[in-house]
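All chains should be modelled from the sequences, with the hints used to inform the complete structure.
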Amino acid sequence: QKGLSLRRTKALAMAAVALAEADITPALTARAEPLNVVVHPIVLLNAVDHYNRVARDTKRRVVGILLGEISRGVYDVTSSFAVPFEEDEKDPSIWFLDHNFLEQMHAMFKKVSAREKIIGWYSTGPRIRPGDIDIDKLVRRYTPTPAYVIIDVKPVSMKIPTTAYYAVEESKGDVGPPSWTFKHITSEIGALESEEVGVEHLLRDVKDTTISTLSNEVTAKLSAIRGLQERLGEIGGGFKQGGGGE
4 QKGLSLRRTK ALAMAAVALA EADITPALTA RAEPLNVVVH PIVLLNAVDH
54 YNRVARDTKR RVVGILLGEI SRGVYDVTSS FAVPFEEDEK DPSIWFLDHN
104 FLEQMHAMFK KVSAREKIIG WYSTGPRIRP GDIDIDKLVR RYTPTPAYVI
154 IDVKPVSMKI PTTAYYAVEE SKGDVGPPSW TFKHITSEIG ALESEEVGVE
204 HLLRDVKDTT ISTLSNEVTA KLSAIRGLQE RLGEIGGGFK QGGGGE
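Using our numbering, the first residue of the sequence shown is number 4, and each one after it goes up by one.
Warning: the hint list may mix true and false statements.
To be verified - Okay, derived cross-link-like pairs now, SDA-like style, lysine to any residue, Cα gap no bigger than 25 Å in a straight line: (1) K113 to S197; (2) K140 to W98; (3) K113 to R234; (4) K62 to P87; (5) K157 to R234; (6) K175 to I136; (7) K114 to L195.
The set of hints was computed from the structure by calculation and includes no laboratory data.
Structure, rendered in structure tokens:
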């Protein structure tokens with residue numbers, strides 16, 4: 004009876020382990036499709052500071068890691084950090100990203116905020132380059148479906164300075180093996196109440212004091228109108244695409 008009881012205990016233990024692995028493994032390998040990326044102001048400030056320190060007045064770009072949380076396809080990017088990155092100007096497919104530094108920084112950030120995980124990466128673009136798919140592949144070591152956000156550090160209009168993508172594998176049928184490409188997703192700027200207060204104080208500090216208050220108000224209203232006009236144009240374009248151009 005003792006031998007039978009021992010065998011039953013071992014069998015139950017093995018079954019429990021098998022069930023646990025069956026429940027956990029899909030969660031680790033599943034690729035949830037991103038729907039929207041929310042970028043917080045601190046991430047934009049980090050990217051601009053990174054660019055000004057490393058690549059200002061050059062044609063180079065900078066690359067960093069995005070941290071935050073994912074909920075129902077929404078990537079909430081609450082923090083970021085810079086990563087040493089170099090690429091050949093003549094051949095952009097040749098690049099180097101210090102993943103050892105990446106892992107060390109991530110370990111330190113986890114001690115400060117365990118909730119913030121690696122959910123993607125950013126570059127200052129200003130557009131997608133040939134080596135970006137390979138960089139995205141490296142980032143997929145740390146998160147199954149990383150968001151790729153191009154941050155415009157030199158905006159010339161009132162558009163949102165972020166463009167978001169994620170990599171998808173496309174099948175070519177019998178023509179050849181599947182290939183990876185980037186798919187565009189929506190992005191927006193979001194902030195907590197505390198962040199909004201900080202941004203307001205920052206904007207007060209950077210205003211040009213040589214311009215009168217009335218001029219500042221008129222400039223702000225014109226900028227708001229231009230931004231609204233551009234957003235309405237984007238919405239109208241979306242309706243035209245959805246309606247088949249009608």
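Hint check:
no., hint, result
1, K113 to S197, "holds, 22 Å"
2, K140 to W98, "holds, 13 Å"
3, K113 to R234, "violated, 37 Å"
4, K62 to P87, "holds, 16 Å"
5, K157 to R234, "holds, 19 Å"
6, K175 to I136, "holds, 17 Å"
7, K114 to L195, "holds, 22 Å"
Comparing the model with each earlier hint shows a violation of hint 3 alone; every other hint is respected.
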